[in-house]
Amino acid sequence: MSATAVIELDGVLLVTIQGELTDQDAIALQHDLTTQVASVGARGVLIDISALEIVDSFLARTLHDIAGSTSLLAAETVVVGMRPEVAITLVELGLTLPGLRTALSVADGLALFGGSIAAPSEGA
Amino acid sequence: MTIVPTVREVPIRTDMDIVGVRQAVREVAVSVGFSLVDQTKVVTAASELARNTLKHGGGGTAEIELEERADSTALRLVFRDEGPGIGDVELALRDGYSSSGGLGLGLSGARRLADEFDLRTAEGEGTTVTVAFVNRDPAAR
Ligand SMILES: Nc1ncnc2c1ncn2[C@@H]1O[C@H](COP(=O)(O)OP(=O)(O)OP(=O)(O)O)[C@@H](O)[C@H]1O
Ligand SMILES: [Mg+2]
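So the protein sequences, as listed, match chains A and B.
So for the first sequence, numbering that gives the first Met the number 0 puts the first residue at 0; every next one is plus one.
So for the second sequence, numbering that gives the first Met the number 0 puts the first residue at 0; every next one is plus one.
By construction, these hints were calculated from the structure, which means they are not laboratory data.
Where hints are given, some of them may not hold.
[Claimed, not checked] The calculated SDA-like cross-link candidates involving lysine to any residue, where the alpha carbons are at most 20 Å apart (straight line), are:
1. B:Lys-54 to B:Pro-10
2. B:Lys-54 to A:Asp-22
3. B:Lys-54 to B:Val-29
4. B:Lys-54 to A:Ile-26
5. B:Lys-54 to A:Ala-27
6. B:Lys-54 to A:Thr-61
7. B:Lys-54 to A:Arg-60
8. B:Lys-54 to A:Leu-96
9. B:Lys-54 to A:Thr-21
Construct all of the structure, not just a fragment, from the sequences and the given hints.
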């Protein structure tokens with residue numbers, strides 16, 4: 000499956016979701032990312048979902064779980080590029096994803112990791 | 000304007016089929032001129048209901064139908080399975096209720112997204128969920 004691409008950029012894993020994900024793909028992504036965060040000692044994970052035409056409750060939960068498991072490994076996950084129609088639909092579905100950090104673009108997301116996020120950041 | 004009954008029937012047996020349902024529903028929604036937001040709502044609801052058919056109903060089918068009405072077109076999706084059925088419908092429709100550790104937003108969320116919603120089920124008799132999305136005044140597009 001080449002539905003996702005992952006590259007490492009200065010301690011941040013940059014993940015691009017390139018198309019339709021099956022539930023299996025989503026579960027595999029969670030597993031792979033968590034493993035990679037540990038193996039490279041990543042301080043952050045940036046997931047670009049701008050190619051996704053929909054996010055349903057299963058995928059939303061998976062993104063949330065990825066953020067949870069990477070956070071246990073001291074890496075913050077930021078989801079970037081959500082399409083406006085996806086955001087509108089998620090809210091109506093009842094999913095506001097509290098606790099999931101988001102940014103508008105990859106550049107904005109990377110800026111969040113700045114030079115150093117080694118300093119403890121409260122909660123988020 | 001022509002009246003088209005069932006446009007497509009898609010089997011739901013594997014999680015690849017959930018993707019197949021999403022794609023088929025998207026194509027039909029585009030073909031009748033749904034806006035991008037409406038396409039997204041229909042496809043998201045379809046994804047939720049197809050997954051329920053697979054995971055809770057043990058597989059089944061999705062039918063995609065178009066219905067011409069006086070001044071609108073309705074896109075109707077019928078998800079049918081012969082699984083265990085739902086004993087307590089009110090509970091199943093409650094936001095956050097899941098019998099399987101899910102978020103419990105699939106069924107209730109799909110109902111919110113749709114213009115029309117119908118659930119027919121009984122314990123041991125399978126489940127049929129119908130949702131309709133109405134595209135008002137498609138001619139105006
Ligand atoms: N086709 C079906 N057959 C049998 N039970 C069903 C069916 N669809 C839904 N249910 C029941 O209704 C409950 C609520 O469904 P809903 O889709 O809201 O939540 P879920 O599938 O458990 O979680 P998720 O938020 O991931 O969709 C399910 O947990 C299940 O018990
Ligand atoms: Mg569900």
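Here is how each hint holds up against the structure:
1. B:Lys-54 to B:Pro-10: holds, 14 Å
2. B:Lys-54 to A:Asp-22: holds, 11 Å
3. B:Lys-54 to B:Val-29: Not OK: Lys-54 (chain B) and Val-29 (chain B) at ~28 Å, beyond 20 Å, violated.
4. B:Lys-54 to A:Ile-26: This hinted pair holds, its Cα atoms lying about 15 Å apart.
5. B:Lys-54 to A:Ala-27: Cα-Cα ~18 Å, so holds.
6. B:Lys-54 to A:Thr-61: This hinted pair holds, its Cα atoms lying about 16 Å apart.
7. B:Lys-54 to A:Arg-60: holds, 16 Å
8. B:Lys-54 to A:Leu-96: Judged against 20 Å, a Cα distance of about 23 Å means the pair is violated.
9. B:Lys-54 to A:Thr-21: OK: Lys-54 (chain B) and Thr-21 (chain A) at ~14 Å, within 20 Å.
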